[in-house]
Amino acid sequence: MKLKKTIHKCRLLAFKEEKILVLQKAGFKKELSLPGGIQKKKETDFHSLIREVDEEIGVLLKKDELSYFVSRKNITKEKTEVYKHYFVATRPLKKITLLEPEKFKRVLWIPWYQALEYMDKEDCSAVAMYCDQFSKAAN
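Numbering (this note's numbering), first residue to last: 1140 to 1278.
Treat the hints as calculated values from the structure; they're not laboratory data. Mixed in with the good hints, there may be bad ones.
[Stated by the list, open to error] Derived lysine-lysine pairs resembling DSS-like cross-links, with alpha carbons at most 27 Å apart:
#1 LYS1234 to LYS1143
#2 LYS1179 to LYS1164
#3 LYS1244 to LYS1234
#4 LYS1141 to LYS1180
#5 LYS1212 to LYS1144
#6 LYS1155 to LYS1216
#7 LYS1202 to LYS1143
#8 LYS1155 to LYS1233
#9 LYS1212 to LYS1180
#10 LYS1242 to LYS1169
#11 LYS1180 to LYS1144
#12 LYS1260 to LYS1169
#13 LYS1242 to LYS1164
#14 LYS1181 to LYS1212
#15 LYS1234 to LYS1201
#16 LYS1144 to LYS1179
#17 LYS1143 to LYS1181
#18 LYS1216 to LYS1158
#19 LYS1143 to LYS1260
#20 LYS1244 to LYS1143
#21 LYS1164 to LYS1141
#22 LYS1155 to LYS1242
#23 LYS1180 to LYS1260
#24 LYS1158 to LYS1218
#25 LYS1244 to LYS1164
#26 LYS1158 to LYS1202
#27 LYS1242 to LYS1218
#28 LYS1233 to LYS1143
#29 LYS1218 to LYS1144
#30 LYS1143 to LYS1169
#31 LYS1216 to LYS1144
#32 LYS1202 to LYS1180
#33 LYS1201 to LYS1143
#34 LYS1212 to LYS1169
#35 LYS1169 to LYS1144
#36 LYS1233 to LYS1202
#37 LYS1179 to LYS1141
#38 LYS1202 to LYS1155
#39 LYS1141 to LYS1201
#40 LYS1242 to LYS1144
Start from the sequences, fold in the hints, and give me the full structure.
Spelled out as structure tokens, the structure:
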């Protein structure tokens, strides 16, 4: 199967105790999304995430405040190869402001396990994998 194109997306996992930071999308079935977006051609994954988070919620992160977690690959019906790269914020996020109201209704901190059913399968899988490693360590 010949692929038409490849897209790289970067996503932020930010936690406040058991709550995860999500964006409530305007008019979508899977209505919660993690902050982040599409990587531009000459950007690194870190720079893409830093730019997108600043554009979406007004938080300016530094590369050393992010820790790489995992990447997921998906091939769409349109034969597009999509990679999602997940990074964890290593510092608390403050002064969060919704800056793209045309895309998102609001920014929420909600328990991570309640967010899962409202996320797409890649985001859901990455969040569950990240959080499961701590619940297994506690047992």
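Each hint tested on the structure:
no., hint, verdict
1, LYS1234 to LYS1143, "violated (40 Å)"
2, LYS1179 to LYS1164, "holds (22 Å)"
3, LYS1244 to LYS1234, "holds (17 Å)"
4, LYS1141 to LYS1180, "holds (21 Å)"
5, LYS1212 to LYS1144, "holds (13 Å)"
6, LYS1155 to LYS1216, "violated (36 Å)"
7, LYS1202 to LYS1143, "violated (31 Å)"
8, LYS1155 to LYS1233, "holds (11 Å)"
9, LYS1212 to LYS1180, "holds (18 Å)"
10, LYS1242 to LYS1169, "holds (13 Å)"
11, LYS1180 to LYS1144, "holds (12 Å)"
12, LYS1260 to LYS1169, "holds (9 Å)"
13, LYS1242 to LYS1164, "holds (6 Å)"
14, LYS1181 to LYS1212, "holds (20 Å)"
15, LYS1234 to LYS1201, "holds (16 Å)"
16, LYS1144 to LYS1179, "holds (14 Å)"
17, LYS1143 to LYS1181, "holds (20 Å)"
18, LYS1216 to LYS1158, "violated (33 Å)"
19, LYS1143 to LYS1260, "holds (22 Å)"
20, LYS1244 to LYS1143, "violated (32 Å)"
21, LYS1164 to LYS1141, "violated (32 Å)"
22, LYS1155 to LYS1242, "holds (24 Å)"
23, LYS1180 to LYS1260, "holds (25 Å)"
24, LYS1158 to LYS1218, "violated (35 Å)"
25, LYS1244 to LYS1164, "holds (6 Å)"
26, LYS1158 to LYS1202, "holds (23 Å)"
27, LYS1242 to LYS1218, "holds (25 Å)"
28, LYS1233 to LYS1143, "violated (40 Å)"
29, LYS1218 to LYS1144, "holds (7 Å)"
30, LYS1143 to LYS1169, "holds (25 Å)"
31, LYS1216 to LYS1144, "holds (12 Å)"
32, LYS1202 to LYS1180, "holds (18 Å)"
33, LYS1201 to LYS1143, "violated (33 Å)"
34, LYS1212 to LYS1169, "holds (19 Å)"
35, LYS1169 to LYS1144, "holds (24 Å)"
36, LYS1233 to LYS1202, "holds (17 Å)"
37, LYS1179 to LYS1141, "holds (22 Å)"
38, LYS1202 to LYS1155, "holds (20 Å)"
39, LYS1141 to LYS1201, "violated (37 Å)"
40, LYS1242 to LYS1144, "holds (24 Å)"
Going through the hint list in order, the structure does not satisfy hints 1, 6, 7, 18, 20, 21, 24, 28, 33, 39.
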